[in-house]
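Undergrad: Below are the chains, spelled out letter by letter.
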Amino acid sequence: MTTRRRPAAEPLLWLLFSAGGMIAALLVPILLFLFGVAFPLDLLTPPDHAHLLAVLRNPITRLVLFGLCALALFHWAHRFRYTLYDGLQLKRFSVVIILFCYGGAVVGSIISAYLLLTVG
Amino acid sequence: MADEITLEVVRYRPELRIEPVVQSYQVPLREHWAILDGLTYIKDHLDGTLSFRWSCRMGICGSCGMTVNGDPQLTCATFLTDYAPGPVRVEPLRNFPVIRDLVVDIGDFMDKLPTVKPWVIRDVDSPVEEGEYLQTPEELDEYKQFSMCINCMLCYSACPVYALEPHFLGPAAIALAQRYNLDSRDEGASEREDILSSPEGIWACTFVGECSAACPKDVDPAAAIQRYKLTAATQAIKNFLLPRGAR
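Going line by line, the protein sequences match chains A and B.
For what it's worth, this note's numbering labels the leading residue of the first sequence as 1, then goes sequentially.
For what it's worth, this note's numbering labels the leading residue of the second sequence as 121, then goes sequentially.
Read the hints as simulated data drawn from the structure, not as lab findings.
Just so it is clear, the structure is predicted and the values come from calculations on it, not from any experiment.
Some clues are possibly wrong.
Unchecked claim - Ranges between beta-carbon positions, derived for each pair:
1) B/137 / A/32: 54 to 62 Å
2) B/260 / A/54: 51 to 59 Å
3) B/205 / A/26: 42 to 50 Å
4) A/12 / B/128: 44 to 52 Å
5) A/32 / B/219: 49 to 57 Å
6) A/51 / B/268: 49 to 57 Å
7) B/135 / A/26: 56 to 64 Å
8) A/12 / B/305: 44 to 52 Å
9) B/363 / A/9: 16 to 24 Å
10) A/9 / B/217: 28 to 36 Å
11) A/115 / B/314: 52 to 60 Å
12) B/310 / A/107: 55 to 63 Å
13) A/91 / B/249: 49 to 57 Å
Idealized CB from N, CA, C, for every residue including glycine.
One chain only, chain A, in its complex shape:
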């Protein structure tokens, strides 16, 4: 109990992790059910391509999907960082792990933003 240094980034990273877990848990099962099960098996009538594209072009859809992608990536980054730290006992490589995990999440978020903006 010697160090009392306050980790400046940890609360923010945890908030992103927490929000990512929540939004992924709420939205991913619905998306998987619709596009992975219900539409391919004809349980529900799928919307046609033009309809889907129109939905995707709506800025709110883009914003929600970007939020889902980015936050889910930060959720992964935080969880994977500690999996490597504790699960694989690699804490001595923490700088590399932090760069890989959160850097990966940033790069992934940029790619998702690019794809969402350029689609259609």
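Guided by the hints, dock chain B onto chain A, whose structure is given.
TA: Chain B only, in chain A's frame:
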């Protein structure tokens, strides 16, 4: 039902041997006997040199925590019949230094506990003549679950983070801090903030959840820690965004 069950007890007597050894004892398998009754039988009838801690025998004192067949348990609340036909392996609590046989050194926890100030803190104490600090049942419900902790340290034994990071404040101490933070009579949350929000406090927890699975009193320390993470993260954002006076 068989008449007897085998207890495989891990013994450590540093004056005899440096390494722990397993010693097997046959004890009567009775319907209402807990593991602790089996150990007491060994102590009274088979081997008086066996050392273990116990006090109340009714799940209140938190003294008799041990590792039973690999899981942290209160031995007074864990019954022999649940492990029939046996054998049952009884080991000291994990993640603590062993002093002798089943007795562990709890000094680390005892040092950490007071750092979270687990008592009601008031800015100004009212005189006794003014009577009690009143509380509604709803206000009681806010913290009651966390007040059920009996300091048995099963959560520390179960926590993989504590095993890796001995500086981690740990589940029970944080749950007890929350027990007072959430108490309407308490005004000491800011005094607990530094230690709770430190790297050795809540941020060391990776939410494995084994503490809550092990807790014999359903305190759910993992929930206490996650709740405080939200409090601390919100406070950190406020500290960053708002001027000092408005926080």
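Undergrad: Does 28 to 36 Å hold as the CB distance between residue 9 of chain A and residue 217 of chain B, or does it fail?
TA: Since the Cβ atoms of residue 9 of chain A and residue 217 of chain B sit about 34 Å apart, the hinted range of 28 to 36 Å holds.
Undergrad: For the range 52 to 60 Å, tell me whether the beta carbons of residue 115 of chain A and residue 314 of chain B fit it or not.
TA: 44 Å, violated
Undergrad: Please check whether residue 91 of chain A and residue 249 of chain B have a Cβ separation lying inside 49 to 57 Å.
TA: 56 Å, holds
Undergrad: Should the hint that residue 137 of chain B and residue 32 of chain A are 54 to 62 Å apart at their CB atoms be regarded as holding?
TA: 57 Å, holds
Undergrad: Check the following: the C-beta atoms of residue 205 of chain B and residue 26 of chain A are separated by a distance inside 42 to 50 Å.
TA: 47 Å, holds
Undergrad: That 56 to 64 Å hint for residue 135 of chain B and residue 26 of chain A (C-beta), does it hold up?
TA: 60 Å, holds
Undergrad: Starting from the hint 49 to 57 Å, judge whether the C-beta atoms of residue 32 of chain A and residue 219 of chain B obey it.
TA: 53 Å, holds
Undergrad: With 16 to 24 Å as the target window, see if residue 363 of chain B and residue 9 of chain A comply at their CB atoms.
TA: 22 Å, holds
Undergrad: Taking the Cβ atom of residue 260 of chain B and the Cβ atom of residue 54 of chain A, is their distance within the range 51 to 59 Å?
TA: About 54 Å separates the Cβ atoms of residue 260 of chain B and residue 54 of chain A, which means 51 to 59 Å holds.
Undergrad: Is 44 to 52 Å respected by the C-beta to C-beta distance linking residue 12 of chain A and residue 128 of chain B?
TA: 49 Å, holds
Undergrad: Quick one: are residue 51 of chain A and residue 268 of chain B within 49 to 57 Å, going by C-beta?
TA: 55 Å, holds
Undergrad: Looking only at beta-carbon atoms, does the pair residue 310 of chain B, residue 107 of chain A fall within the given range of 55 to 63 Å?
TA: Given about 39 Å between the Cβ atoms, the range is violated.
The structure fails hints 8, 11, 12 (numbered hints given earlier, in ascending order).
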